[in-house]
Amino acid sequence: MKIYLAILFIFSCLTVSAQESYFYLNWDVNVPMTNKDWIGNSSTRGAKAGYRHFIGDERKFAAGVDFNWSYYQEYKPTETFQNPGGAITTDYFNEIFQIGLVVSGQYHFPVGNREHFFPYAGLGLGANRNDYSVLYNIYQDQESKWGFLARPEAGILIRIGTRRKLGAMAAVHYDYSTAGSVNYDYNNFSNVGFQLGVMLMQW
Amino acid sequence: MFMQIRLISFGFVLLVSWSCKPEADALRLLDELVVSTNYDTGADFGTYATYSIATDTIGFVSNAHPNDTIIVQSSQNTYPRVVLESVESNMDNLGYTRVEKDQNPDLRINVYVINDFNLFQQIVYPSYYYPSYYGYGYGYGSYYAYPYVNTYATNTGSLVVEILDLKNITPNNTVKVIWSAYMGDVYSTIDLIKQSKDAIDQAFVQSPYLGI
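Chains A and B supply the protein sequences, listed in that same order. Every letter in the first sequence is one number past the one before it in my numbering, and letter 36, counting from 1, is 36. Every letter in the second sequence is one number past the one before it in my numbering, and letter 42, counting from 1, is 42.
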């Protein structure tokens with residue numbers, strides 16, 4: 001929790017001090033695209049926050065950092081797993097906890113008077129960590145992996161009023177991560193995310 | 001601007017609260033025991049016909065109670081007989097015949113509980129910047145200004161059923177375990193008796209090679 005608050009503080013300070021920039025905070029819903037037999041459920045427990053700074057005077061290009069986390073969980077009913085020397089029977093939960101940090105760049109398409117709507121497309125590159133867990137009764141098996149993360153993203157920034165600093169943001173992103181798991185049959189991990197939230201702009 | 005930062009901060013706390021890792025449903029996790037069985041792939045279970053088993057005591061192995069080595073059936077503790085009768089019923093259904101231990105049985109069945117009690121202690125050093133507020137009372141706040149010790153305890157255990165091969169005792173008088181079932185956790189169950197019986201039944205179901 002302290003880490004999250006520290007990140008919020010840093011972003012807030014940057015937002016206050018910098019020009020032509022924005023800080024955003026979004027609810028992030030993710031749909032897994034890899035090994036859906038292990039976890040096929042969407043994750044509604046996720047968030048994405050970031051700081052982006054416009055480069056140049058025309059508000060076309062921006063660069064910044066994005067931090068995200070999401071949590072997937074799926075219940076599996078009782079199952080018997082056979083092995084050469086025996087078997088094990090249990091019901092269980094599969095879980096994936098994911099955090100990521102990318103450096104990103106965006107191109108904002110010029111629309112209208114460039115005061116209210118800022119559709120954009122961008123790409124983020126960075127690292128992420130996936131914690132793969134199986135919970136059964138009081139026991140837990142876990143494998144954690146770091147990997148490279150690539151995230152193409154498209155979205156829109158909506159400024160509510162020209163005199164207001166607060167706006168709305170919506171985006172869709174595709175995440176490809178090399179943080180796979182040998183034990184749980186993931187060569188890589190990819191997901192599609194839908195984010196919606198607020199942004200605090202400085203211009 | 002400060003109002004907006006407050007709004008963002010509030011939203012952030014709200015989002016963190018919602019999107020934090022939730023605990024898995026404990027009722028689903030604990031409503032049945034994990035049943036793990038292993039067997040000697042070289043054993044020919046078709047060659048055994050009789051077995052012996054205790055009537056009203058099961059073993060108890062614990063790192064917290066080194067002097068308690070058995071659990072005896074009593075009016076306060078009906079667990080041993082329930083477990084033993086469940087094992088006996090499954091063995092009988094498979095075609096084995098129970099005999100007394102002095103009647104030269106082919107197999108011996110041992111049933112016991114393994115208890116693992118662990119104690120963790122952690123020294124907490126309150127920081128100057130983040131005092132560890134413990135609570136409020138009598139109109140003032142209180143916090144620890146000195147290191148203190150947090151103590152955590154876990155108590156876990158497995159019910160174990162073992163089948164020993166008495167027909168092929170080695171020349172140096174050792175006995176081979178040819179089948180075992182580990183069922184846990186028996187300390188976190190919702191219904192110990194029912195879940196233990198179900199787990200024993202499942203241990204035999206997932207071991208079809210035991211049939212004569």
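The hints are simulated quantities; they were obtained by calculation from the structure and are not laboratory data. Where hints are given, some of them may not hold.
Here are the simulated lysine-lysine pairs, DSS-like style, with alpha carbons at most 27 Å apart [what the hints assert, rightly or not]:
hint, chain 1, residue 1, chain 2, residue 2
1, A, Lys145, A, Lys60
2, A, Lys76, A, Lys145
3, B, Lys101, B, Lys21
4, B, Lys176, B, Lys194
5, A, Lys145, B, Lys101
6, A, Lys36, B, Lys167
7, A, Lys36, A, Lys76
8, B, Lys167, A, Lys76
9, B, Lys197, A, Lys76
10, A, Lys36, A, Lys165
11, B, Lys21, B, Lys176
12, B, Lys101, B, Lys167
13, B, Lys176, A, Lys76
Rough simulated footprint, nothing fancy, chain B against chain A, three-plus residues with beta-carbon under 8 Å [what the hints assert, rightly or not]:
hint, stretch
14, 40-53
15, 128-137
Just so it is clear, CB atoms sit at the ideal spot from N, CA and C, and this is done for glycine as well.
Here's how the hints hold up against the structure:
Taken as a hint, the Lys145 (chain A) and Lys60 (chain A) pair is broken in the structure, with Cα atoms around 36 Å apart against an allowance of 27 Å. Distance restraint check for Lys76 (chain A) and Lys145 (chain A): the Cα-Cα separation of roughly 23 Å lies within the 27 Å cut-off, and the hinted pair is therefore satisfied. For the given pair, Lys101 (chain B) sits about 54 Å from Lys21 (chain B) by alpha-carbon distance, which is inconsistent with the 27 Å threshold. Using a Cα cut-off of 27 Å, the hinted pair Lys176 (chain B) and Lys194 (chain B) is violated, with the two alpha carbons roughly 30 Å apart.
A hinted pair counts as satisfied when its Cα atoms are at most 27 Å apart, and Lys145 (chain A) with Lys101 (chain B) does not qualify at roughly 54 Å. This hinted pair does not check out: Lys36 (chain A) and Lys167 (chain B) have alpha carbons roughly 49 Å apart, beyond 27 Å. Simply put, Lys36 (chain A) and Lys76 (chain A) have alpha-carbon atoms about 13 Å apart, close enough for the 27 Å limit, and the pair holds. Restraint check for Lys167 (chain B) and Lys76 (chain A): not satisfied, since their Cα atoms lie roughly 41 Å apart, outside the 27 Å limit.
At roughly 22 Å between alpha-carbon atoms, Lys197 (chain B) and Lys76 (chain A) fall within 27 Å of each other, so this suggested pair holds. Using a Cα cut-off of 27 Å, the hinted pair Lys36 (chain A) and Lys165 (chain A) is violated, with the two alpha carbons roughly 41 Å apart. Only pairs whose Cα atoms come within 27 Å are accepted, and Lys21 (chain B) paired with Lys176 (chain B) is rejected, the gap being roughly 46 Å. Taking the CA atoms of Lys101 (chain B) and Lys167 (chain B), the gap is near 13 Å; set against the 27 Å cutoff, the hint holds.
Among the hinted pairs, Lys176 (chain B) with Lys76 (chain A) is inconsistent with the structure: their alpha-carbon atoms are about 36 Å apart, more than 27 Å. Judged by the Cβ-Cβ criterion of 8 Å, the stretch 40-53 of chain A is covered by chain B as claimed, because 4 of its residues qualify and three suffice. Counting residues of the stretch 128-137 of chain A whose CB lies closer than 8 Å to any CB of chain B gives 3, which reaches the minimum of 3, so the coverage claim holds.
Going through the hint list in order, the structure does not satisfy hints 1, 3, 4, 5, 6, 8, 10, 11, 13.
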